[in-house]
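> From first to last, the protein sequence lines are chains A and B. Note that our numbering has the first sequence beginning at 1, numbered continuously upward. Note that our numbering has the second sequence beginning at 339, numbered continuously upward.
Source of the hints: derived by calculation from the structure; they are not laboratory data. Everything numeric in this text was worked out from a predicted model, so none of it was measured. A virtual CB, placed ideally from N, CA and C, is assigned to each residue, including glycine. Careful, some of the hints might be misleading.
As the list claims (entries may be wrong) - Cβ-Cβ distance ranges computed for the label pairs, FRET-style:
hint: 1; chain 1: B; residue 1: Ser524; chain 2: A; residue 2: Tyr328; range: 29 to 37 Å
hint: 2; chain 1: B; residue 1: Glu576; chain 2: A; residue 2: Leu330; range: 30 to 38 Å
hint: 3; chain 1: B; residue 1: Val450; chain 2: A; residue 2: Leu330; range: 42 to 50 Å
hint: 4; chain 1: B; residue 1: Lys411; chain 2: A; residue 2: Asp122; range: 44 to 52 Å
hint: 5; chain 1: A; residue 1: Lys240; chain 2: B; residue 2: Ser423; range: 52 to 60 Å
hint: 6; chain 1: B; residue 1: Pro409; chain 2: A; residue 2: Leu330; range: 54 to 62 Å
hint: 7; chain 1: B; residue 1: Asp591; chain 2: A; residue 2: Leu89; range: 22 to 30 Å
hint: 8; chain 1: A; residue 1: Arg332; chain 2: B; residue 2: Leu453; range: 29 to 37 Å
hint: 9; chain 1: A; residue 1: Tyr163; chain 2: B; residue 2: Lys392; range: 40 to 48 Å
hint: 10; chain 1: A; residue 1: Gln59; chain 2: B; residue 2: Ser477; range: 42 to 50 Å
hint: 11; chain 1: B; residue 1: Asp591; chain 2: A; residue 2: Leu330; range: 53 to 61 Å
hint: 12; chain 1: B; residue 1: Lys392; chain 2: A; residue 2: Leu119; range: 41 to 49 Å
hint: 13; chain 1: A; residue 1: Pro88; chain 2: B; residue 2: Asp401; range: 37 to 45 Å
hint: 14; chain 1: B; residue 1: Leu453; chain 2: A; residue 2: Leu89; range: 47 to 55 Å
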Amino acid sequence: MLFAGICAALVLILIVLNVSIGLYKIGFLDSYRVLIDHLSGVVPDNLHDIREDHIIFNQRLPRAIAAACVGAVLAVSGAAMQSTLKNPLADPYTTGISSGASFGVCIFAVMGISLLPGLSGDYGMIANAFVFSLIPAAAIIVCSRVFSASPTSVILIGIAVMYVFSACTTLIKLYAEPEDLEVVYRWSLGNLGKATWDNIGYMAASCAIAVIFMTAAGRRLNILTMNDESVMSVGIDPKKERAIILAVVSLCTALAVSFTGTIGFVGLVIPHIIRIFMGSNNTFLIPASAFAGAVFLLAADSVAKVAGTYDLPVGVITSIVGGPVFLYILIRQRRRAW
Amino acid sequence: MPVTADSVSFGYNSRALILDGISFEFQDGKFYAVLGPNGVGKSTFIRCINRILKPKEGSILIDGKDVSEIPLKELAKTVGYVPYSAGDSFPLTVVDTVLMGRHPRSRLGSLVKDLEKVHEVLDQLEISDLALREFSSLSAGQHQKVMLARGLVQEPEVLLLDEPTSNLDVRHQMEVTKILRDLCVSKGITVIMICHDLNIASKYADELILMYDKKIFARGTPAEVLTPDNLRAVYGVESTVIEHNGRPCVMLDDFIKQD
């Protein structure tokens with residue numbers, strides 16, 4: 001409970017810090033005041049306060065909440081995938097979500113093909129990313145059920161599907177105009193700038209589903225880390241359970257990253273950092289990863305906003321900052337994490 | 339709870355059978371040791387009993403019900419299984435590992451009761467001091483005791499064990515096998531254990547099943563099964579069998595050279 005309290009407080013502090021950063025200067029304490037005033041129903045009565053309230057509440061807060069939600073989804077999904085597939089290299093994108101989503105974005109940006117014809121602009125791209133991200137995931141889940149695939153086979157099927165989608169994406173990019181390429185490229189690096197109050201609900205929903213479902217499945221995830229005959233001997237069908245976990249992870253990750261682009265590193269490494277400090281019991285690993293993922297992506301996005309005059313992609317920051325930090329923890333670790 | 343194997347055949351493909359028409363009835367509360375050389379289908383046989391493998395032909399009945407029709411979680415309440423290897427991929431503590439065995443009986447809010455049962459079994463096996471150690475850091479012998487604990491917390495009526503004493507020293511082999519023997523007597527659990535130590539099997543088991551060439555070669559009391567002729571035919575060894583404390587004791591003389 002103490003750990004949860006500390007993490008929740010840290011998330012709140014980082015949200016306030018995140019919303020205080022931007023081209024229009026608003027201090028940390030002022031941001032806190034603006035948020036509290038808004039939430040307690042105090043109506044700003046002068047132009048300066050109205051402007052600050054608008055910037056913080058309508059422009060920056062959705063982005064900060066998106067960072068927390070997407071960070072939590074990616075970290076929880078990564079932890080669940082690693083346990084389910086018994087592989088420390090698994091991450092939320094192991095089912096080919098990123099390659100499918102990239103392909104969806106690519107055919108929208110370059111060829112103007114939208115799966116939902118009524119949608120255009122960002123929403124058309126998001127819808128394409130979401131639908132296409134689920135295609136490789138569905139293929140993997142179906143293949144793994146039909147062919148009774150082992151965890152290693154699931155990963156290999158994922159790699160095969162990923163290569164197919166990546167090749168198709170590359171092929172389309174060869175014929176793309178430079179401005180279209182930029183859209184695809186920026187999306188592939190991950191950016192939280194598209195978060196608004198209109199779409200934050202999707203990311204919050206994916207976060208809630210992922211965290212609640214996987215926390216409830218903590219003990220089952222522990223069992224899935226054993227070999228399949230050990231899993232069956234305690235009454236769990238490992239193939240069915242794997243398919244369910246893969247489906248939930250794929251759906252939640254696809255929903256989250258369709259809005260933000262593929263943000264790497266969080267899903268792969270945050271669970272390992274938590275394992276080093278807290279062990280591999282998924283009952284604790286899952287909620288702790290959720291908090292740590294939220295904290296990490298909020299911090300990374302804050303750095304991205306400070307470092308870039310033109311909004312650096314957060315995916316770049318997660319790797320540049322996170323990589324060395326992870327290496328340091330790895331070298332100093334006293335506990336075997338995998 | 340009686341377990342009946344009725345003409346069970348199994349093979350990963352139809353041309354190469356691993357089990358060929360095995361029939362046997364395991365009676366309630368008895369201790370069975372399954373013996374035989376490597377690769378004769380002992381592990382395959384007990385994996386068919388708890389549905390890890392599905393027989394190509396024949397059926398396994400537990401208390402008269404076909405195991406293929408019993409939901410996996412219900413089956414795990416009745417049949418416990420101690421595999422040869424757990425194949426853990428991430429380091430969990432011994433408590434977390436043993437707690438897995440409570441899955442078939444766990445409900446919302448049952449964690450405290452489940453943990454009490456885990457500690458009770460750890461005490462019973464005298465491995466409470468390992469409770470917070472990482473499972474993957476244990477010695478092979480400790481590893482096997484933890485897996486046995488995981489099987490026991492399932493509170494099964496039938497316990498299947500795949501070489502649970504293979505990595506234990508003589509004293510610990512006897513300790514573990516005696517615990518299994520006591521479970522048979524005190525709780526009426528049917529124990530079916532794959533074992534390579536003929537004398538341990540002879541000392542503690544009620545009945546032995548000697549497998550050879552995909553079939554049951556001999557079955558019966560230790561005195562009926564552990565004969566020089568059977569051992570020569572199945573293992574290709576010459577032996578002398580003496581009686582010790584009312585049980586046969588096998589002394590190996592030499593192995594038969596094959597041309």
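> All the hints need checking, so say for each whether the structure fits it.
Hints and how they fare:
At roughly 54 Å, the beta-carbon separation of serine 524 of chain B and tyrosine 328 of chain A lies outside the given 29 to 37 Å, and the hint is violated. Distance hint check: the CB atoms of glutamate 576 of chain B and leucine 330 of chain A are about 57 Å apart, inconsistent with the given range 30 to 38 Å. In this structure the supplied range 42 to 50 Å is violated for valine 450 of chain B paired with leucine 330 of chain A, their Cβ-Cβ distance being about 36 Å. For lysine 411 of chain B and aspartate 122 of chain A, the hinted distance range of 44 to 52 Å is satisfied, since their beta carbons lie about 46 Å from each other.
Judged by the Cβ atoms, the range 52 to 60 Å given for lysine 240 of chain A and serine 423 of chain B is violated: they are separated by roughly 23 Å. Distance hint for proline 409 of chain B and leucine 330 of chain A: a CB-CB separation of about 43 Å, inconsistent with the stated range 54 to 62 Å. Against the hinted window of 22 to 30 Å, the Cβ-Cβ separation of aspartate 591 of chain B and leucine 89 of chain A comes to about 53 Å, which falls outside the hint. Checked against the given bound of 29 to 37 Å, the beta carbons of arginine 332 of chain A and leucine 453 of chain B, roughly 32 Å apart, stay inside it.
One distance hint, 40 to 48 Å for the beta-carbon pair tyrosine 163 of chain A and lysine 392 of chain B, is violated here, with the actual separation near 34 Å. Our hint of 42 to 50 Å for glutamine 59 of chain A and serine 477 of chain B is violated, since their Cβ atoms are close to 60 Å apart. Take aspartate 591 of chain B and leucine 330 of chain A: their Cβ atoms lie about 56 Å apart, and the range 53 to 61 Å holds. As the Cβ distance of lysine 392 of chain B to leucine 119 of chain A is approximately 48 Å, the hint placing it in 41 to 49 Å holds.
At roughly 42 Å, the beta-carbon separation of proline 88 of chain A and aspartate 401 of chain B lies within the given 37 to 45 Å, and the hint holds. The beta-carbon spacing between leucine 453 of chain B and leucine 89 of chain A, approximately 32 Å, falls outside the hinted interval of 47 to 55 Å.
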